[in-house]
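Chains Y and L supply the protein sequences, listed in that same order.
Heads up: the first sequence runs through residues 1 to 139, numbered per this note's numbering.
Heads up: the second sequence runs through residues 140 to 544, numbered per this note's numbering.
I should point out that these hints are in silico values taken from the structure, not numbers from a laboratory.
Please read these numbers as outputs of a predicted model, since none were measured by experiment.
Don't be surprised by glycine CBs; every beta carbon is placed ideally from N, CA and C.
Hints are supplied without guarantee of correctness; some may be wrong.
Said to hold, decoys possible - Below are the SDA-like pairs computed for lysine to any residue, each with C-alpha atoms no more than 25 Å apart in a straight line:
1. Y:124 - L:458
2. Y:24 - L:535
3. Y:125 - L:532
4. L:263 - Y:36
5. L:458 - Y:99
Unchecked claim - From chain L, some residues computed to sit far from chain Y (all C-beta separations above 10 Å):
6. 447
7. 448
8. 475
9. 522
10. 524
11. 542
To be verified - Listed below are several chain Y residues computed to face chain L (Cβ distance under 7 Å; list not exhaustive):
12. 11
13. 15
14. 32
15. 34
16. 35
17. 38
18. 40
19. 58
20. 62
21. 63
22. 64
23. 65
24. 85
25. 87
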Amino acid sequence: MAYSEKVIDHYQNPKNVGTLDKSKANVGTGLVGAPECGDVMRLQIEVDEATGVIKDAKFKTFGCGSAIASSSLATEWLKGKSIDEAMTIDNMTIVEELNLPPVKIHCSVLAEDAIKAAVNDYRKKNGLPELKFEESVVH
Amino acid sequence: MLNFPIYLDHNATTPCDPRVVEAMIPYFTNSFGNAASRNHPFGWQAEEAVDYAREQVAKLIGADPKEIIFTSGATEGDNLAIKGVFEMYASKGNHIITCNIEHKAVLDTCKHIEKEGGEVTYLKVKDNGLIDLAELEAAIRPSTILIAIMYANNEIGTIMPMKEISAIAKKRGILVFSDATQAIGKIPVDVNKDGIDLMAFTAHKMYGPKGVGALYVRRKNPRVKVTAQIDGGGHERGMRSGTLNVPGIVGFGKACEICMNEMEEETKRVSALRDKLQNALLKIEESYLNGDKEHKLPHVTNISFKYVEGEGLMMGFNKNIAVSSGSACTSASLEPSYVLKALGLGDDLAHSSLRFGLGRFTTEDQIDYTIEQVTNTVNKLREMSPLWEMYKEGIDMNSIEWAHH
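Please take these sequences and the hints and turn them into a complete structure.
Okay, structure coming up:
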């Protein structure tokens, strides 16, 4: 199966690889997936406490090229969004942007889950009620 | 100068040797006859060519030409051997012993046999990929008619102890079948010394064309028979009907002859390159060799690079280097390699594996380039891997509650 150019580009030049200090109150961390499944994503957001806007986002991913590209793209989209806006990022938008084939849709689902987990971690740390989600179906 | 892409997937298939293609060409055009046409020169020419190829194939495995049944490939050979013995020897018993790292052509055929009322024991391999001979002996029943064990495994290259297996079978009067697809042409195989009664193999893994293979069926001590699975004309001593693929068979014969003449030299050269590649890649931190180090084909190595995922790893260089991975992402089933899992590897290591299959035309420059590319990509992806970071920080990954999908 050939990869789309966008996937290849994110794979070769991933945006925002790295680690934020998870002990800081304004950093939210989401760790999703499992080594046995061949995909683990860790996505982190750093929120500007005054504005509630995500000022930085970083990821590290163990997985195939599509998983790496999905998380790289997610960090790009997160920056500059409020934590509420972040929740509107939908896995299908990632699928469309990266042209993922059906067998790789789970990579985009994982990225969406990672975003939600990171936002919830931030909310929990800052005394906000955690948001409830329906269990993702496509794994 | 390196030409890209570099092919290091010779366990999947091999290119045709130009000498093989040259031998085949006349049989597409001028000498196009049907080998079963007994009454004119076109048929005679084709038959002569097939007879010659049958000798070339037989010679490579120490068999008599009459013991060679031409097939469409090893999958057909596996089916014919297992189903054919099961049907032919139904009055003797219905039990078959095989192992859990066989090729799907054997495993799926055995599943079919089970549906037909047969009983199959799937021996578990040890963590080095070899079967336990004591377990084999213990699995034998009065109703056992066939032991089906591969000569060498396609993913990890381990070579099974065929002589010992057949010695156990002979004592009990049980037939031995071996899928020798990966071994023939790479290491010396002799059906008499190895005590094999039926053996399937294929041309395209040994620099011959695709779509042609052979099933060896022993004719004496004991005389073995299989029930035909394809009827229609009684070709190949009634065991496999169908017009013979004359050009393919000619190419197969030539491929066998070349392997016979050049195996020794080729093995020396290719195994030296394989060792160079394997040693260099095993120097990478947290990389592990899969399968037995000693009992192994000369041209293959299978290595897991912990904390990076196989398909992601291949993507780093697959424009330039063709290898294969046991990662689930590369398979239709989304399950990691059942062979690697049978060795006791965790799913995580199975997902992290690459198989490198070297061949006749592999050069040292290609291996040097591969070492560099794989090493760089592993390092790059580990910088991106949360698991690598945890490993480096000394975090016990078993202590984390992973969200299993």
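Once the closest CB in chain Y is found, is it more than 10 Å from residue 524 of chain L? It is violated; residue 524 of chain L is separated from chain Y by about 5 Å at its closest Cβ, not greater than 10 Å.
Can we keep the residue 63 of chain Y interface hint, with Cβ of chain L closer than 7 Å? holds (5 Å)
25 Å Cα cutoff - pair residue 24 of chain Y, residue 535 of chain L: holds (23 Å)
Taking the least C-beta to C-beta distance, is residue 35 of chain Y closer than 7 Å to chain L? Constraint on residue 35 of chain Y satisfied, holds at 4 Å.
Interface hint for residue 38 of chain Y, Cβ within 7 Å of any Cβ on chain L: holds (4 Å)
Just to be careful, I want the Cα atoms of residue 124 of chain Y and residue 458 of chain L compared with a cutoff of 25 Å; is the pair within it? At roughly 45 Å apart (the allowed maximum being 25 Å), residue 458 of chain L and residue 124 of chain Y break the hint.
Given residue 64 of chain Y was flagged as interface, is its beta-carbon under 7 Å from a beta-carbon of chain L? Interface hint status for residue 64 of chain Y: holds (4 Å vs cutoff 7 Å).
Holds or violated: the hint that residue 40 of chain Y contacts chain L, with Cβ atoms closer than 7 Å. Result: holds, 6 Å to nearest chain L Cβ.
Should the interface hint for residue 85 of chain Y be scored as holding, given a Cβ-Cβ cut-off of 7 Å against chain L? violated (24 Å)
Residue 448 of chain L non-interfacial with respect to chain Y [C-beta, more than 10 Å]: Violated, since 5 Å does not exceed 10 Å.
Given pair status - residue 532 of chain L, residue 125 of chain Y, alpha carbons within 25 Å: holds (23 Å)
Measuring from the C-beta of residue 58 of chain Y to each C-beta in chain L, is the shortest one below 7 Å? This hint is violated: residue 58 of chain Y lies away from chain L, its Cβ roughly 11 Å from the closest one there, beyond 7 Å.
In this structure, the earlier hints numbered 1, 6, 7, 8, 9, 10, 11, 13, 19, 24, 25 are contradicted, and the remaining ones agree with it.
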